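We have chain A; now place chain B onto it with these hints.
Now for the letters of each chain:
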Amino acid sequence: MDINTIWYALIAVLFIGYFFLEGFDFGVGILLPFVTRDDTDRRIVINTVGPFWDANEVWLITAGGAMFAAFPDWYATLFSGFYLPLFAILVALILRAVGFEFRGKLDDARWRRAADTAIVVGSTLPAFLWGVAITNLVRGVPIGADMQFQGSLLTLLNPFSLLGGLVSISVFALHGALFLNLRADEVVAERSRLLALRLWWPSAVVLLAFFVFSYSQTDLFTRSGLVPGTLPVLAMIMFVASTVLARLRWNGWAFATTGLTIVLATVVAFEGLYPRVMPSSLGKAFDLTVYNASSSPLTLRVMLVVAIVFVPIVLAYQGYSYWVFRRRVTRRSIPGS
Amino acid sequence: MDPLILARWQFGVTTAYHYIFVPLTIGLGLIVAIMQSFHYRTGNDMYDRMARFWGKLFVINFALGVVTGIVQEFQFGMNWSEYSRFVGDIFGIPLAIEALMAFFLESTFLGVWLFGRDRLPKAVHLLSIWLVALGSLVSAIWILMANSWMQQPVGYAIVDGRARLSDPVAVFLNERLLVEAPHTILAALTTGGLFVLGISAWHLLRRHEREMYLRSSQIALVVVAVAGLLTATSGHAQAQHTARTQPMKLAAMEALWNSEQPASFSLFATIDQKDGTSAREIKLPYLLSVLAYNNTTSEVKGIHALEAEDVAKYGPGDYVPPVAVVYWTFRGMVGLGVLFILLSLTGLVLWWRGHLERRWFLRLAIVSLFLPYLANVAGWITTEMGRQPWVVQGLLRTASAVSPNVGATEVAVTFIGFTLLYGILAVLDFYLLYRFARPVAAARQGQHDSGLGDVFAY
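Protein sequences, first through last, are from chains A and B. Residue numbers 250 to 586, in my numbering, belong to the letters of the first sequence in order. Residue numbers 384 to 841, in my numbering, belong to the letters of the second sequence in order.
Bear in mind the hints are in silico, worked out from the structure with no lab data behind them.
Between beta-carbon pairs, the in silico distance windows are:
| no. | chain 1 | residue 1 | chain 2 | residue 2 | range |
| --- | --- | --- | --- | --- | --- |
| 1 | B | D550 | A | P561 | 26 to 32 Å |
| 2 | B | D428 | A | M250 | 53 to 59 Å |
| 3 | B | L757 | A | A258 | 42 to 48 Å |
Keep in mind that this is a model prediction, so the values were computed, not measured. Built from N, CA and C at the ideal position, the CB exists for glycine as well.
Here chain A stands alone, though its shape is the one from the complex (with noise of 0.2 Å):
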């Protein structure tokens, strides 16, 4: 393997982390109004990802920053060309850290309602804002012979795209879902899970849906014959025993499911584009590639021996704080409940 293959490996990864991570706390946020009863419910579930939820959101920091030191003309092109999008998820950001952390700061009903539509919208909009974006990157948009993006808005927001933004939010939705099964009060945990329980069938039609319809819009099936690979029919069957699972009660199981059909769709997406990282539908010549689109060898080798020594150490600081805060958010640890 190349050292740029390794790099859009690397990238990959980072997306991937921030998709698994992120994944539960946009769908915790998603599911704010619709698994509590009451304030004390409402704090319950945003305490189960307080103290996590941002350093989740450095996985996409990390994955911005690595794009634009690996391969600057794929950063380039793709946050040029995916611009009000990207402004949109932005903002989305804001309102949804801003509503964490400032909710509690005042003891007022009116304010705690405005952060709470600042939570539910801010992970509502960015969940679905990914998913369109990886459909078109895999779907291919107007670059043209000077690596320009020349499509609009509305390039963007063809129906595919749309669909991937939909199955995008879906599958957040369960998997934070079965994230606070695991996390929150015991009353909490269970509304949570027979929710799950009724999301799953019309997230397995949407996924249906959109598994169909990549045939004739990607080239990600195609490009290997008619049979989807191994990874496309793994991710199919973590989905449909995420549900089984949910209803044995097989909670951690349950949720690691739906954590790897994100890996894995993930996964799918990376390497059907490999190894272009961003394919023109202009016309192949225009393909960004791992090694039209990166940095030169030197920039690639520094990096490599930075996230070698550093990778590791943030995943096990990171998996410590995990390990900190594994118990449930139990009502009684709410002050003034």
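For chain B alone, kept in the frame of chain A given last:
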């Protein structure tokens, strides 16, 4: 309207706004860590209450620093794609390392610190706030390394019209970083100190929890005195470095149109950019030679001479930065810096004599709370506007750095969007800080604290 102008305004507004929160995160993080260490060592409850009080203000401030920081990282690709393509090979490195080394550390251990108070051994909980403080410090160094490369590009070769890394060690140990990082970080510590001093003074004026706020203000005074003085000396080093590496910026900082030997420091001038002249000048002889070269004899080149050099080197064009802006922001920064040093020295003398609670001094301290923000932003405007028309000194012009495929409407949408959102957030943030900082809120908050300990939780 020209997308370039809009993109520049957006970058200026979002960066200046982001930089309201950053220095306080760095300065206050360290101060909270020190306070909690005092509690750990002495077991004195006062230090615990102190660390919690300032910790809350730290958290409110931290939140906005983080979210406005993501905008910064995305903005390079969104609005400045040609810049990103040109510098990515080098500039991307510190950015990626900053996220990997610093942002993970800060955010993970802030979570541990906020939610782990009752769950962790005291030593581990103390360690977590120190790791947050360390993270913000490390983050500053990497992002300043990126900025330093824009001021003084090193360790590169131009290949196919782009900067390519040739010597990573040169980038990591950029001479410019060695003057810029100390100055910026010390100014951040000064900001944190003045914040604590000002709010403590407010409580002392109201005679609220005298012992705790007296001790807080003493800690803050020591921080401001030491960091403030060193900000000045490191600033001097940076000015000397600028004289050698960015002479046009230095000339603009002084509105020095014509070369002088020895050069005098300008205290006041009215500046005419079009004619290239200044009028109504008040000058202190020799002082600019001292500032630039640490002697009273050296020549300092003027804008006209430097412009002729630039035209000879880079071809026809306008190489003069907006002089009045650079001149006045520099004066604002230096003037405020001197004020902070005087304030802290006065405070130390009063403390020595046992008169720290003189009302005039406390009032002065409250007013000074707002000033470091102006000084910080003024300093950044000086150094960034002083580099124009370049975005990377001598290599890439700002006008060539903007995204060619992003139209004026799109930039206008994001510029207006961010400005409105940031405006609302500023009001909320200020209101929350006010609520949590004011003497009465602290008393109520104190009652609220007793009982279950997860008060930092949401």
